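Asks: Listed below, chain by chain, are the residues.
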Amino acid sequence: MTLATLDLSPLRRGASWHQAEYAFWLVPVLAYFLFPKSLALLSQIAITALFCLSLDLILGYAGIVSLGHAAFFGLGAYAAGLLAKYGWGDPLTGLAGAGVVAATAGFITSFLVLRGSDLTRLMVTLGVSMMLYEAANKLTDFTGGVDGLQGVDIKPVLGMFNFDLYGRTAYWYSVAVLFVMFWLARRLVHSPFGLSLRGIKQNVTRMQAIGTPVHRRLMAIYTVGAAYAGVAGALLTQTTQFVSLDVMAFSRSAELLLILVLGGSGCLYGALIGTMVFMAAHHFLADLNPQYWQFWLGAALVLIVLFARDGIMGMLRRLPALPTRTKKSR
Amino acid sequence: MTIVFDGLAAGMLLFLISVGLSVTLGLMNFVNLAHGAFAMLGGYTCALLLSRTGLPFLLAAPVAAATAALAGVVLERKLYRRLYTASHLDQVLFSIGLIFMSISAAHYFFGARQQPVVMPEFLRGQINLPGLDIGIYRLFLIVVGLCLAWGLQWMVSSTRFGAQLRAAVDNPRVARGLGINVDRIFTLTFALGSALAGLGGALGIEMLGLDPGFPVKYIVYFLIVVAVGGKGNIKGSLIASLMLGLFDVAGKYYLPQVGAFVIYAVMVAMLIVRPQGLFGHSAAK
Amino acid sequence: MSAVLQTRNLSKSFGGFVASNNVSLSIQPGARQALIGPNGAGKTTLINLLTGFLEPNSGEVFLMGANVTRLAQHQRVKRGLVRTFQINQLFAEMSVLESVTLSACERLGLGWRWWQPVERHLAALDAATELLATLRLLDVAHEKVRSLPYGRQRLVEIALALASRPQVLLLDEPAAGVPASESRELFESIARLPKDVTILLIEHDMDLVFRFAERISVMVGGALLAEDVPEVIARDRRVREVYLGEILDG
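Chains as they are written, first to last, in our numbering: chain A, 1 to 330; chain B, 1 to 285; chain C, 1 to 250.
Incorrect hints may appear among the rest.
[Said to hold, decoys possible] Straight-line alpha carbon distances no greater than 25 Å define the calculated SDA-like cross-link-like pairs of lysine to any residue that follow:
| no. | chain 1 | residue 1 | chain 2 | residue 2 |
| --- | --- | --- | --- | --- |
| 1 | B | Lys252 | A | Lys37 |
| 2 | B | Lys217 | A | Lys37 |
| 3 | B | Lys217 | A | Trp293 |
| 4 | C | Lys144 | A | Lys37 |
| 5 | B | Lys78 | A | Arg309 |
| 6 | A | Lys138 | B | Val258 |
| 7 | B | Lys78 | A | Val302 |
| 8 | A | Lys37 | A | Phe242 |
| 9 | C | Lys78 | A | Pro213 |
| 10 | B | Lys78 | A | Asp310 |
| 11 | A | Lys201 | C | Arg120 |
| 12 | A | Lys201 | C | Arg146 |
| 13 | B | Lys252 | A | Phe142 |
[Claimed, not checked] On the chain A side, residues computed to face chain B include the following (Cβ under 7 Å):
| no. | residue |
| --- | --- |
| 14 | Leu114 |
| 15 | Asp118 |
| 16 | Thr120 |
| 17 | Met123 |
| 18 | Met131 |
| 19 | Glu134 |
| 20 | Ala176 |
| 21 | Val180 |
| 22 | Ala254 |
| 23 | Val261 |
| 24 | Ala281 |
| 25 | His282 |
| 26 | Asn289 |
| 27 | Leu297 |
| 28 | Gly298 |
| 29 | Val302 |
[Unchecked claim] Just the calculated beta-carbon pair ranges, DEER-fashion:
| no. | chain 1 | residue 1 | chain 2 | residue 2 | range |
| --- | --- | --- | --- | --- | --- |
| 30 | B | Cys147 | C | Asn39 | 44 to 54 Å |
| 31 | B | Cys147 | C | Arg8 | 54 to 64 Å |
| 32 | B | Cys147 | A | Val100 | 33 to 43 Å |
| 33 | A | Phe142 | B | Arg184 | 52 to 62 Å |
These are calculated hints, taken from the structure and not from any lab test.
Predicted model only: the values in this text are computed from it and were never measured.
Virtual Cβ for every residue (Gly too), placed ideally from N, Cα, C.
Given the sequences, and given the hints that come with them, work out the whole structure.
Replies: Set out below in structure tokens:
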């Protein structure tokens, strides 16, 4: 049987966990001990990393360009906040609820997003997120408007772990959620479904010609991406006990794009690494001089697009020492 | 009725600024979200000239336009040109980077607050007709806008440059084969679009305001004009801009609760029904 | 004998240009049929209409007796109507094995499986490696498709189509761009296909056409000019006129 004679290890290498990955996931554990005073920041990094992961799923893998992904982040954030405010304070089920809300919104908008050209898609995603932003802005009774949603009362995680002032619970909670969702996403991208997404991104025509219901696949991943973003937003609400209006702002969507490109799209770890690098840089540099920061951020984006399009992961892949997910020829 | 004039004037400004974006998109298929930055450049240049030098408004505005054109030429040749064949995503990312850079530069040089501007004498005041008060400034904008729109349309349809432009839009490869210097056409068109944007920014300081956040504040409006009017369609851009201007002003006056929500909703609804815009051709792409 | 693939008055115009003019075509099961005609005759348009890539202005398409005119491309593929493209439509960044496995996964309905990694789905993997073996692509199984020479990429194009286990296979100029040395291999692979697979082939290489085809249809200016066995077509004066007597003289 030919299967016996063909070496399948390059294919397998992608799906099984690599040593570097184990090393990577030790970092959040180490960080807890190395930076005990910065747990709030570290939680933010974990949350943003999850948010960026959601964008990688739809953009890096399926090729859907969205300028309004913050819409789902915001929806999840407000959903979790409102659930908690009106009596349902359990964190994990709150996350699930927020995820469902965001997923539903994602599913509904997926019909719109898949029509038309690139430009139309940009406009629609941007338009939808701006609509939601305006709605959140104006429905002050509901959302708190510009002042944000307060009175968010979160119960202990699993009934046992209280959200403490040092942010310890928040940190482990965020990292745990990130890890679980990452693990699920990782399985997804290595599955036949994930392979079909890559196929859609590379050649839609071909995918249709081999019998793939392309639209339905894209709708599915868009919904999943929205759910992930919603969970990230909910995490933010639950760990900060507050929802600010800017969870839905355009700048959040734009910044997320930047982070993903910085890290490298289409490989999941790019989203995580990009977030870490970006937020660390932001933490150290932005306070010095906000204009300076924004200027160099813009310049960095321009330079990345022109010269280092694959981002950090792309540069890492070019180092001969590290094996990659899919085998490079020769 | 003042609302109508306000709306038309605002629409004219939008047209001036957006038409360059529309043509650039139709011609080079380049999604340039940073287009508003050229308008901002024009605005700040004009404000600077008015306050530092004694230059009269009617001279400062064209100079502002020229400055924006110059910036357009430099950026097009050095940067934009490299990305014509890149994916739309890359172009979006690139232009977002430019937006960030321009906003922070404006912030650094001019501060965060609104740029005050004093309109020249002859533009202040109103014309009082029976039952109708027309602000001179508004009227000025409308007239200038119409003249430029007419001029653009004439240029595209009746001049040699216009013919070459249309050829280059239709099929750059064949156009090159005919000896048309397509690269130069791209640069000139980009410069023209930027000049108009700069002019719009300069003329519109009083009406649209001018602060470092300008490119982001109005980018959605410009994109709406292009999406509704059809990319590369001058007449479409004009009609779309006027509609949008009217909608926006009327909306803010009659339904201030709802604000911009309606505009976005209408745009999204329209794009669903007619992805190619009200006036665009349904392209295969 | 009911036709496996049939069209009735199929028409398509682009603005003023008539690309397909009332084409009524009927292909029998197991046929080895070629579609020839000068450039611009509308052959590829016909394939696009048959597969659902393009919507006709009027007319109908029947696949194994069922009216598929309203069906989307992917639905027709599921019913066994598969095509290849004149210009390769491949997954440039995937390896050869990944590409063909993807096609096999779709055929086996595994496209929605999201939990197990691809290589655990042995049925798909087996089918893919078998196909690679048949087309002699095993040695480049893990190479990225874009790094292959054109002729071998063309084989991948065929492999992708074959992985869908077609009942009716539409090949759009399979030998286009392939050097003569490699096109032999290509055609042998096609010839070796099981007899129950119906094949419609667009080709310009008359040598290959006459060696392969049991029936030939000739298209000119969007319409079907003639359809018959090769010997009759070769002698048909109208056909020779169309080709300016160049190729069919022998």
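Asks: If you take the shortest Cβ to Cβ gap from A/Met123 to chain B, is it below 7 Å?
Replies: Since chain B brings a Cβ to about 5 Å from A/Met123, closer than 7 Å, the hint holds.
Asks: The hint names A/His282 as touching chain B; please verify it with the least Cβ-Cβ distance against 7 Å.
Replies: Violated. Min distance 13 Å.
Asks: Taking only the CA atoms, is the gap from A/Lys201 to C/Arg120 under or equal to 25 Å?
Replies: holds (23 Å)
Asks: Quick check on the hint: A/Leu297 CB to chain B CB, less than 7 Å?
Replies: With Cβ-Cβ at 5 Å, under 7 Å, it holds.
Asks: How about A/Ala281: closest beta carbon in chain B under 7 Å, or not?
Replies: It is violated, given that the least Cβ distance between A/Ala281 and chain B is near 14 Å, above 7 Å.
Asks: Given a cut of 7 Å on the nearest C-beta pair, is the interface hint for A/Thr120 held or broken against chain B?
Replies: holds (4 Å)
Asks: Hint A/Ala176 vs chain B: min CB-CB distance below 7 Å?
Replies: violated (32 Å)
Asks: The hint names A/Val302 as touching chain B; please verify it with the least Cβ-Cβ distance against 7 Å.
Replies: Cβ of A/Val302 sits 4 Å from chain B, so the hint holds.
Asks: Given the hint that C/Lys78 pairs with A/Pro213, does the C-alpha gap stay at or below 25 Å?
Replies: With Cα atoms ~10 Å apart, C/Lys78 and A/Pro213 stay inside 25 Å; holds.
Asks: May I ask you to test the interface hint for A/Glu134 with respect to chain B, counting a Cβ-Cβ separation under 7 Å as satisfied?
Replies: It holds, given that the least Cβ distance between A/Glu134 and chain B is near 4 Å, below 7 Å.
Asks: Could one say that the CB atoms of B/Cys147 and C/Asn39 fall in the range 44 to 54 Å?
Replies: Since the Cβ atoms of B/Cys147 and C/Asn39 sit about 49 Å apart, the hinted range of 44 to 54 Å holds.
Asks: When you take the CB atoms of B/Cys147 and C/Arg8, is the distance between them in 54 to 64 Å?
Replies: About 57 Å separates the Cβ atoms of B/Cys147 and C/Arg8, which means 54 to 64 Å holds.
When each numbered hint is compared with the structure, violations occur for hints 1, 2, 4, 14, 20, 21, 24, 25, 26 and 32.
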